[in-house]
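**Q** From first to last, the protein sequence lines are chains L and G.
In case it helps, this note's numbering puts the first sequence at residues 1 to 362.
In case it helps, this note's numbering puts the second sequence at residues 363 to 724.
Everything labelled a hint here was simulated from the structure, so no lab data went into it.
A portion of the hints provided could be inaccurate.
[Claimed, not checked] Part of the chain L face toward chain G, derived, beta carbon under 8 Å: (1) Glu46; (2) Ala50; (3) Ile263; (4) Glu268.
Where a beta carbon is used, it is the ideal one built from N, C-alpha and C, also for glycine.
Number of protein chains: 2
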Amino acid sequence: MAEAPGETVDAQAYPGLILVRSIRMSEITVAIDAMGGDNAPGCVIEGTIAALSESDDINVILCGDSEIIKKGFKEHGFEGSLPDRVSVVHTTEEIGMAEHPTNAIRKKKDSSMVVGLNLVKEGKADAFVSAGNSGAILAGGTLLVGRLKGIERPPLAPIIPTANGVSMVIDCGANMDARPSWLVQFAQMGSVYMKEIIGIDNPRVAIVNVGAEEEKGNALVKETFPLLKETKGINFIGSIEARDIPVGYADVCVCDAFVGNVILKLYEGLASTLISKIKEGLTSTTLSTIGAALAKPALRNTLKDFDATKYGGAPLLGCKGLVVKTHGSARANEIKNTILQCRQFKEYDFTGKLTRGIGLTE
Amino acid sequence: MAEAPGETVDAQAYPGLILVRSIRMSEITVAIDAMGGDNAPGCVIEGTIAALSESDDINVILCGDSEIIKKGFKEHGFEGSLPDRVSVVHTTEEIGMAEHPTNAIRKKKDSSMVVGLNLVKEGKADAFVSAGNSGAILAGGTLLVGRLKGIERPPLAPIIPTANGVSMVIDCGANMDARPSWLVQFAQMGSVYMKEIIGIDNPRVAIVNVGAEEEKGNALVKETFPLLKETKGINFIGSIEARDIPVGYADVCVCDAFVGNVILKLYEGLASTLISKIKEGLTSTTLSTIGAALAKPALRNTLKDFDATKYGGAPLLGCKGLVVKTHGSARANEIKNTILQCRQFKEYDFTGKLTRGIGLTE
């Protein structure tokens, strides 16, 4: 793909990446799973249109039922023709949210997900974005796009809000019963990501543990801890207890995918339960309802910092192309942020930096 | 110990156990670690005095430096003599929060913790309460008080607030690399506890997992799931994802201690981070500050439901006597609730019900 003339973009354009510095962009092609997620294709199309209107260096290839996709664009005023920079690859199958990941990837060759992943594999797209079946995205990323040489297991690495900015939880993916060497690579990959993409100097890397002392933990953590201490090129600060994750004591929180999944989902669940409890409290008396009306704008601004959808999707790191998973419940704004996020991976040559940062063979 | 005439107590007296029904009490002796925790001995003494004044069927034995304890009581107006129903066992050692649990229990024979646990072992006290080193309490409970015959590993089982009441997370203790058979016993013990002590009919038991489907999970969960399905006497409802824990979809959430510790600590950390973010938002503008003042009483009531200290300490289940761990940062109110909680274990013959409920040899 031809390089577009670089242009300086300010951080305002990236509500999802608040720590990002001013960056220079080049053209990128993103394949999008138009049929994946609870709100597909409506929110996927809406998010795609929003991303295209915010940035003129993105091309998208929507994978899915072309009739349904065209109908969706029609609802947004695109009568008869698609917007510029949008193409569609017609697919006849869909992978459901509850399907067995590997089986679905292997059998449904003409699904929007498999077709999209293959576009990355074949170099026709730089990145693939989906809000569909998480396990299938992870399996497809590894099986179809493929791991970078030397990467043992690609981790899914979402960015979560903290009191002081954002942190990465790595892995939240499919690597349930992890080995110490995988966790060491997660620490390295997370470190490169937080430095190169989020712009944090010397990111603090910690292992999620049940106490601060080195002798604490389960067998995996006890075995991994000394390896992380010896790993060059990362700023390993030791253990992080779960209570310190929301405080932002570490930039990269390393764990196996089971623990990462618990952290990520409890984060979402508890935040939403607490916020509805608070809303309930704020409207429980006449006085409090008046108070709530006065406080609402300020409160909304504060809570926005804890809105996970601001931060775009979670990348599957260590694959030969970029694969990004967004929430199954993603709405247009999250889809838009996820598509915009893809630009930085290419612009910053993330894969190259990862390869060199970890000392893999290029 | 002589049985006191039973009396009916209403739920108002138990702010910590909101679901508890009216209960009948008998006399109980609680050994208390006067030197354990961040706020010892001040808050321990204050909480003890409060518990004694709320209930006249509790006797306490405070273990610790008798001079310091007497001085503490003096500060609460007990000049020259201790309150009725309080005795002191003088100890010369303390177990620090960062000490190696098993070593500390084995070596510090005259520590407040070891002496208190031995009082339970020798039948001189029915229960032991400490806000000290968690690992040492767990190790001491197993090594000194001892497991009930047939119990593989005693789990630590805190009660957490949810949108619909409370749930138990079992295990949050020292059993890091758990075996499936341990988790099955955790499910059984948690079920008896939630039924007998909290008063929930047919408590819903779920295993903490990364998805709803049976084939999801790490090796431990996959192996345990079918065993739980076959376990008689529990109402096993399948997997619970972490996002559904705060919603209260299950009464007993079964997991290994590493995962349980992550859940418990993230719960505490995220709730406190969010609440301070909200406070920050509520006072960020003049209008919102006025609004906050109007809304404060209603909001305070709502947030109280999410105050973990309301629910007393976390029991270590499956030991020959009752051992209860409270937060290291416990203040007087939590100490008080934890001491009051001990009465129910004896009144309800929890150990007897557990033994029969799980089908252990008595």
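**Q** Any hints this thing doesn't respect? Which numbers, in order?
**A** 1, 2
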